[in-house]
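Could you put together the complete structure from these sequences and hints?
Single-letter residue listing:
2 protein chains.
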Amino acid sequence: MPLNQQILLDQRPSGEVAASNFKLVEVQTPPLQDGQVLVQHHFLSLDPYMRGRMNEGKSYTAPQALGEVMIGGTVGEVIESRSAQFKPGDQVVGMGGWQQYSVVDALQPGALRKVDTTHVPLSYYLGAVGMPGVTAWYGLVKIIEPQAGQTMVVSAATGAVGSAFAALSKARGCRTVGIAGGPDKCKYAVEVLGFDVCVDYKLHENAASLSAALKQHCPDGIDGYFENVGGMVLDAVLGRMNAFGRIALCGMIAGYDGRPVPLSNPALILVSRLKLQGFIVSEHMEVWPEALKELGALVASGKLRPRESIAQGLQAAPEAFMGLLKGKNFGKQLVKLI
Amino acid sequence: MPLNQQILLDQRPSGEVAASNFKLVEVQTPPLQDGQVLVQHHFLSLDPYMRGRMNEGKSYTAPQALGEVMIGGTVGEVIESRSAQFKPGDQVVGMGGWQQYSVVDALQPGALRKVDTTHVPLSYYLGAVGMPGVTAWYGLVKIIEPQAGQTMVVSAATGAVGSAFAALSKARGCRTVGIAGGPDKCKYAVEVLGFDVCVDYKLHENAASLSAALKQHCPDGIDGYFENVGGMVLDAVLGRMNAFGRIALCGMIAGYDGRPVPLSNPALILVSRLKLQGFIVSEHMEVWPEALKELGALVASGKLRPRESIAQGLQAAPEAFMGLLKGKNFGKQLVKLI
Chain A
2 MPLNQQILLD QRPSGEVAAS NFKLVEVQTP PLQDGQVLVQ HHFLSLDPYM
52 RGRMNEGKSY TAPQALGEVM IGGTVGEVIE SRSAQFKPGD QVVGMGGWQQ
102 YSVVDALQPG ALRKVDTTHV PLSYYLGAVG MPGVTAWYGL VKIIEPQAGQ
152 TMVVSAATGA VGSAFAALSK ARGCRTVGIA GGPDKCKYAV EVLGFDVCVD
202 YKLHENAASL SAALKQHCPD GIDGYFENVG GMVLDAVLGR MNAFGRIALC
252 GMIAGYDGRP VPLSNPALIL VSRLKLQGFI VSEHMEVWPE ALKELGALVA
302 SGKLRPRESI AQGLQAAPEA FMGLLKGKNF GKQLVKLI
Chain B
2 MPLNQQILLD QRPSGEVAAS NFKLVEVQTP PLQDGQVLVQ HHFLSLDPYM
52 RGRMNEGKSY TAPQALGEVM IGGTVGEVIE SRSAQFKPGD QVVGMGGWQQ
102 YSVVDALQPG ALRKVDTTHV PLSYYLGAVG MPGVTAWYGL VKIIEPQAGQ
152 TMVVSAATGA VGSAFAALSK ARGCRTVGIA GGPDKCKYAV EVLGFDVCVD
202 YKLHENAASL SAALKQHCPD GIDGYFENVG GMVLDAVLGR MNAFGRIALC
252 GMIAGYDGRP VPLSNPALIL VSRLKLQGFI VSEHMEVWPE ALKELGALVA
302 SGKLRPRESI AQGLQAAPEA FMGLLKGKNF GKQLVKLI
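Residue numbers (this note's numbering), protein chains in the order written: chain A, 2 to 339; chain B, 2 to 339.
Quick caveat, the hints were computed from the structure, so don't treat them as lab data.
Same chains, same names: a pair is fine if it fits in one copy or spans any two.
In the BS3-like style, the derived pairs of lysine-lysine whose C-alpha atoms are separated by at most 30 Å in a straight line are: (1) 276 - 216; (2) 294 - 304; (3) 327 - 171; (4) 276 - 294; (5) 143 - 276.
Structure representation (structure tokens):
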């Protein structure tokens, strides 16, 4: 059995995540039991939700345990199998964590899923045709419920969720406006991802200034907003929402460091009769087949061309993750492990 | 035709409402045209929404015009009619405004509605069996969607909305917890209004302290919250919400004075996968018949015994309104005009 490099959560962050929160170890992969398979990971997904798990306090789910392998989505290849359901060479997606290999009980529901890479590259199953894509789908379709002609806005527009959101929103006939940081991302959002326009939040020092820019680019107001960021961006969007607007809340990176970021004017929720709804896509597994089908079709037809930001080697994961939390990635953040 | 005392909006408030924002005038009631009726108002309703209308900026609807009679709900009696639909002696509810008399076009849909005072006192049609009652009903039934055994919380518990909320929530088998200011209101909430318990927010200097008290009285967490206040109370409740909790936002008095009151930790909306929804009950006229039927039955059966706080005479309206905005009223705030 191969040696397996792993990254453990060594200490919980106080404030910003630091490299010292993680610990790289190497262990022997255990021999397989009946019903188990050994997966070699090709890509590890880095996602903002991991920051919440690193805290001790109340978050989406139980916190990540100290001294254990960091949780994370992975795609890879079965290299050994003692299960009739999988054979060596199968390409699979799972939650293998921050490590090179994982041993998986094949019968555990949802633990491992075979994927077809004929029309969709393997890594996309961690992004556009995976959890981030379904996240965009759920927020748009189930919470925002867009109607053709309405204006949809998403923050972190060039990220994995944002790029899927753009394709899904355009497919529904909506004016689709992104918010991203820097001219390169904004150019990419419009030229490649299909946004009608993309607003560079880095040009704005405060919510009022960003809000004025949004007014210019959303002349009919905003009907639906997918929130990936929180903080100033949410404040700016809130003032531009139309009556009966819907806001799907899925990421609030701005608050993950333990310092709550207030919402300046919650009375606008009442003034504009808004709906704000938080959700975690893993709690809505019933929509995944429908969502993945649409997302896969959008990729196959070229309407969804997500960008990836790929760090090389497991040891690069902590730094790539810290960069993700600061918006340094450009596209879906992955770590290539092979 | 009688002389008619009116209160006009003379200036918009800068910050808190002041008596000088209003102007009392006396005018001749105009002669009736065909299809019109003259109503003598018995009671004027004072409600927090009026504060929003006094601002120039974006609010629920168009602002109250300067120099015009303050908007407001009224109950009264038809004293002269040139409409076949109404006759002198009819008891009616309408939006007569801050004045002693109003001339109403009887054919205008929804302008005037006859009411039956056999089992329900006339003034209740401005409270428990009127707009505030339907407000409680809509927030509870349509937004919170309570299930038996869940825990429901309402702020401003002894107000018109809060007392109706209690009866409606108890009728659905929910643990029902009020938040109110002072021992008298809290005692009344439990002994008369049927709350299981009522938490006195005035005993708490900050949201953390109030939140701890809520934890004690809501041992299973909070599933539904009806927000009438905003500010510290909303912060305190937010930290106690169960996963998938629902919050109906209808009043945010704390923000009406033009100083936005921030929400400290909006990330909790995501962490607990909450739904927050703002609404204005006048935009949901389709539910009024069903809601009024249930509310009337609760009053007739003695299960809903709302309290009223009655100011005497039109000239007392501004002071009573300013008191309402500061939580000085105890029960539905009315002005008796006759």
